[in-house]
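Novice: With the hints as your guide, set chain B with the ligands onto chain A.
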Amino acid sequence: MEPKNTDLSTTNNHGDFDIEFINVTKHYGDVVALNDTNLKIPRGSFHSLLGPSGCGKTTSLRLIAGFEQPTSGDVRHRGVSMVGIPAYKRPVNMVFQHYAPFPHLNVEENISYGPRQRSPKPPKQELKKLVGEMLELVRLPGFQNRRIWQLSGGQLQRIVLARALINRPAVLLLDEPLAALDRKLRREMQMELQSLQREVGITFVLVTHDQEEALSMSDTISIMRDGGIVQTGTPSELYDTPVDRYVADFVGESNFFSGIVSAADSAQATIQTKTEISLTAPYPEGGKHLTIGQRGAIAVRPEMVLIWPLTHEQPKDIDFSVKGRITNRIYLGHQAEFRVVTDSLGEILARIPKTAEAVTRDLAPGDEILLGWQWNFGLAMPDA
Amino acid sequence: MAKKSSSYVTTLLLAPMAIWMTALLILPILVVLVYSFGELAEMGGYKPAFTLAQYANLPARLTAFKNTLVLAPAGTLAAFLIAYPLAYYLARTVEPRRRMILLTLVIVPFWTSFLIRTYAWMFILGGRGIPALLEFIGIEGVRLLNTPTAVLIGIVYGYLPLMVFPIFVSLEKVDESLLEASNDLGASPVRTFLQVTLPLSLPGVATACMIVFILLMGEFLIPALLGGGKVFFIGNALVDLFLQSRNWPFGSAVAITLVVVMLVIVSLYMRMIFKPGKTQDVSMI
Ligand SMILES: Nc1ncnc2c1ncn2[C@@H]1O[C@H](COP(=O)(O)OP(=O)(O)O)[C@@H](O)[C@H]1O
Ligand SMILES: [Mg+2]
Numbered sequence: 000m001e002p003k004n005t006d007l008s009t010t011n012n013h014g015d016f017d018i019e020f021i022n023v024t025k026h027y028g029d030v031v032a033l034n035d036t037n038l039k040i041p042r043g044s045f046h047s048l049l050g051p052s053g054c055g056k057t058t059s060l061r062l063i064a065g066f067e068q069p070t071s072g073d074v075r076h077r078g079v080s081m082v083g084i085p086a087y088k089r090p091v092n093m094v095f096q097h098y099a100p101f102p103h104l105n106v107e108e109n110i111s112y113g114p115r116q117r118s119p120k121p122p123k124q125e126l127k128k129l130v131g132e133m134l135e136l137v138r139l140p141g142f143q144n145r146r147i148w149q150l151s152g153g154q155l156q157r158i159v160l161a162r163a164l165i166n167r168p169a170v171l172l173l174d175e176p177l178a179a180l181d182r183k184l185r186r187e188m189q190m191e192l193q194s195l196q197r198e199v200g201i202t203f204v205l206v207t208h209d210q211e212e213a214l215s216m217s218d219t220i221s222i223m224r225d226g227g228i229v230q231t232g233t234p235s236e237l238y239d240t241p242v243d244r245y246v247a248d249f250v251g252e253s254n255f256f257s258g259i260v261s262a263a264d265s266a267q268a269t270i271q272t273k274t275e276i277s278l279t280a281p282y283p284e285g286g287k288h289l290t291i292g293q294r295g296a297i298a299v300r301p302e303m304v305l306i307w308p309l310t311h312e313q314p315k316d317i318d319f320s321v322k323g324r325i326t327n328r329i330y331l332g333h334q335a336e337f338r339v340v341t342d343s344l345g346e347i348l349a350r351i352p353k354t355a356e357a358v359t360r361d362l363a364p365g366d367e368i369l370l371g372w373q374w375n376f377g378l379a380m381p382d383a
Numbered sequence: 000m001a002k003k004s005s006s007y008v009t010t011l012l013l014a015p016m017a018i019w020m021t022a023l024l025i026l027p028i029l030v031v032l033v034y035s036f037g038e039l040a041e042m043g044g045y046k047p048a049f050t051l052a053q054y055a056n057l058p059a060r061l062t063a064f065k066n067t068l069v070l071a072p073a074g075t076l077a078a079f080l081i082a083y084p085l086a087y088y089l090a091r092t093v094e095p096r097r098r099m100i101l102l103t104l105v106i107v108p109f110w111t112s113f114l115i116r117t118y119a120w121m122f123i124l125g126g127r128g129i130p131a132l133l134e135f136i137g138i139e140g141v142r143l144l145n146t147p148t149a150v151l152i153g154i155v156y157g158y159l160p161l162m163v164f165p166i167f168v169s170l171e172k173v174d175e176s177l178l179e180a181s182n183d184l185g186a187s188p189v190r191t192f193l194q195v196t197l198p199l200s201l202p203g204v205a206t207a208c209m210i211v212f213i214l215l216m217g218e219f220l221i222p223a224l225l226g227g228g229k230v231f232f233i234g235n236a237l238v239d240l241f242l243q244s245r246n247w248p249f250g251s252a253v254a255i256t257l258v259v260v261m262l263v264i265v266s267l268y269m270r271m272i273f274k275p276g277k278t279q280d281v282s283m284i
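Going line by line, the protein sequences match chains A and B. For the first sequence, numbering that gives the first Met the number 0 assigns the number 0 to the initial residue and increments by one for each residue that follows. For the second sequence, numbering that gives the first Met the number 0 assigns the number 0 to the initial residue and increments by one for each residue that follows.
If you are wondering where the hints come from, they were derived from the structure by calculation, not from laboratory data. Glycine included, every Cβ here is placed at the ideal spot set by N, Cα and C. It is possible that part of the hints are untrue.
[Unchecked claim] FRET-style restraints, in silico, Cβ to Cβ:
id: 1; chain 1: B; residue 1: Trp19; chain 2: A; residue 2: Ser118; range: 55 to 61 Å
id: 2; chain 1: B; residue 1: Tyr88; chain 2: A; residue 2: His288; range: 57 to 63 Å
id: 3; chain 1: A; residue 1: Glu346; chain 2: B; residue 2: Glu175; range: 25 to 31 Å
id: 4; chain 1: A; residue 1: Glu191; chain 2: B; residue 2: Ser5; range: 19 to 25 Å
id: 5; chain 1: A; residue 1: Gly83; chain 2: B; residue 2: Tyr88; range: 58 to 64 Å
[To be verified] Computed far set for chain B versus chain A, every beta-carbon distance over 10 Å:
id: 6; residue: Ser5
id: 7; residue: Val8
id: 8; residue: Ala40
id: 9; residue: Leu61
id: 10; residue: Tyr87
id: 11; residue: Leu132
id: 12; residue: Pro160
id: 13; residue: Ala180
id: 14; residue: Asn182
id: 15; residue: Arg190
id: 16; residue: Phe192
id: 17; residue: Arg270
id: 18; residue: Ile272
Looking at chain A on its own, in the form it has when it is part of the complex (with noise of 0.2 Å):
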C-alpha cells in the first residue's frame, strides 16, 4: 500500500504521480473532445473529474484505460508513457457506467476473469480464496453462485468493483459509478466507495457531474468544462479560492453580482452593478485580476451573508449593507437558509448557523430587513 500524498506542491518526482497528462488532445473527427489537457494524480489518492455532460470526462478516462490514444501529447503512469500500450496491459482497472458484466458468466467468474487472463493461471484453490476475500471486501459474502440477471444495481455495481480490485490496479476508474443508483444507495455507497479506497489505498480516479458527490468523496478535483480542466485542488480551494465564476458556480453555491469594473489593483477589484452599486472584492487566490472597464463579477457564498432586523443595529466589520424582504426561510437543521429579494441587487441567499440565530430567530417570510457582508469575504473574477 503506497503512503497517501495529495499534496501537489511537494511532489516533484513524476514516479509519484499514478497518472500525468501532457499537453493531451484527443480528436474524435471534428470535434475536440479534449483539449491541450494537463493532469497530475498523486499515488494513492481518490481524484474526481468534474464536469457537465460532455466536457470529456470519460474520454480522460478512457485515455488513462488506454481504448483511445491521445491525437496529441502523452499519459505517463509513474513517469512512464503509457501512449501505444494496449488497455489489455494497462496496470489500470475500470468499473464501466453501465457496469458491464459478463451475462453468460456467474458471480464467481466474473470476479475470477482478471486474474484467470494471467499466465500462468493461478491455481483453482487460490483463485477461490481470493474471490472469496474480494466479495468479503465488497460485503456480498456467499453470492459466488448467483448469476448476474438475479443480482440488484446495488449488488451489480460491488460485482463489478470486486473484479476490478482483484486485480490489484495501480489505477482503479470509476466512470460515474453511481449514477443509475437510487438517492439513498447513491449516499451509501459513496461513503463505501470512500473507505474502501482507503482500505486498498490505490488511486481512485472518479468520473461524475454531481458536485456534491465529488466534494464528499476526493481528495482532490479537477473541474472540467469544454474538453479542458479549469482548475484542480482540494475541495477546500476549489470552494474557498475558486479561479473563475465556472468554478465557484460548480462547486457549492454562491450569490453574483456582475458589472463592469470601475477600479483595479493588484489585490482586489470594484465593480459597479447596472444599479449603481459599487461592490468591492478581493481575487481569489491564484485568479485572474481584473481591468478597469472589463465586466466582472464579484461572488459571495450564502455563508457570508448576514442580515439582521431594521431596528438591529449593523454588525460590526460590515462593509455593505443594502435593504431588502425576505421571501422564504428554509430550516436545514444545522443552519436557516433565507431567500431575501433587494431592489437593487435582485435575489440574494444568505445562511445563517445555528450559533448565529439570536438576531434571526423571529424573522419571517414578507419581513424587511438589512443585509450585508464583509468586502474581504467576496470573490472577484471575470463574468464568463
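Specialist: Structure of chain B with the ligands alone, referenced to chain A:
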C-alpha cells in the same frame, strides 16, 4: 370474470392455428403413418394391411439415408464456417453505413427463384464452367458437377443467408462495453473473442444451425440438379417413391423414418445447447 373472458379470447385467437396444425400437419402425418404399415396395390398406391414389410425393406434406400446423414451435417458445418466470419464482419467490423448495403446484398438472391439460381450453378460447375477455366490455366480433368462436392457447394450457397442472419443478430447484440471490460481485465483481443464474443453468440449459432440442418434433411432440389442422380438424398427417394414408382407404403415408411431420425437428432441437440439457465443468462441481459 376478466380472466375467463381473456382465456376465451386466447382460445379464439389460437383456434385458427390449432385447426391449421391439425389439418395440415398432424392429419397428413397420421395418414402417412397408417400407409407405412400397408401393402403396395397392384397398380401402385396403397392397399390396407398391417405389416412391417415396408420397414424391413428400408436398407434398399440406405445410400439415400447415408448421403443425407453425411451431407446435411457437413453442409450445416460448411455453411456455418463461412457464415460466422461474414456475420462477424457485418456486425462488428464494417461501418454502419455500408452494413445496410452488404446486408441487402446477402438477401438479394432471394428475389429470384431458388430453382433458377441452382440451375445457374449447374452451368458454373458443369463442363463449360469452372472446370473449363481450370483447364485454361493447365489443371485438367476436374469434374465438379454430379459429385458430392457440387451438392455441398450448392447447399452452402443456398443456405448461407439463413445461417448469416441469426448469427448476425446475436453478434450485433453483444455490447461493445463487454469487450472493453474483457480487454480492461487483461484479455487480449483473441482471448476476448473466445471468452466473450463467441459464447454470447452461441444462441444465434445454435438457432441458425438447427434451422439449416432441419431444412437440409428434407432437401431434394440441390441433390437432384447438382448431384445428377448420383448423390441421392432421402428427399429424392421420396419424390421417386411417391411420384414415379407410386410405391406409397414404402415411401411412407421412408418418410416416417426420416421424421423419427430428425426428431431424435433435434431433441438431443436442443437438450445439449439450450440447457435451462444457460441461454437465460444470455437472453436476459
Ligand atoms: N466515439 C466518439 N466519437 C465522436 N465523438 C465522441 C466520441 N466519444 C465522445 N465524443 C464527443 O466528445 C465530447 C466529450 O465526450 P465525453 O468524454 O463522453 O464527455 P463526458 O463523459 O464528460 O460526458 C462530446 O462532445 C462527445 O460527443
Ligand atoms: Mg461520460
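Novice: Does each hint hold? Answer for all of them.
Specialist: Evaluation of the provided hints:
1. Trp19/B <-> Ser118/A: 55 to 61 Å: 58 Å Cβ-Cβ, so the 55 to 61 Å window holds.
2. Tyr88/B <-> His288/A: 57 to 63 Å: 59 Å, holds
3. Glu346/A <-> Glu175/B: 25 to 31 Å: 47 Å, violated
4. Glu191/A <-> Ser5/B: 19 to 25 Å: At roughly 47 Å between Cβ atoms, serine 5/B and glutamate 191/A fall outside 19 to 25 Å, so the hint is violated.
5. Gly83/A <-> Tyr88/B: 58 to 64 Å: 26 Å, violated
6. Ser5: The assertion about serine 5/B holds, with a minimum of 29 Å to chain A.
7. Val8: Per Cβ check, valine 8/B is outside 10 Å of chain A; nearest 31 Å; holds.
8. Ala40: 57 Å, holds
9. Leu61: For leucine 61/B, whose nearest Cβ neighbour in chain A is about 42 Å away, the distance exceeds 10 Å, so it holds.
10. Tyr87: Tyrosine 87/B is indeed farther than 10 Å from all Cβ atoms of chain A, at 17 Å.
11. Leu132: Non-interface label stands for leucine 132/B: nearest chain A Cβ at 44 Å, farther than 10 Å.
12. Pro160: Given a closest Cβ separation of 27 Å, the condition holds.
13. Ala180: 4 Å, violated
14. Asn182: 5 Å, violated
15. Arg190: 6 Å, violated
16. Phe192: Label holds. Min Cβ-Cβ 13 Å, cutoff 10 Å.
17. Arg270: 19 Å, holds
18. Ile272: Correct as stated: the minimum Cβ-Cβ distance to chain A is 13 Å, above 10 Å.
Figure legend: structure checked against the earlier numbered hints; hints not met, in rising order: 3, 4, 5, 13, 14, 15.
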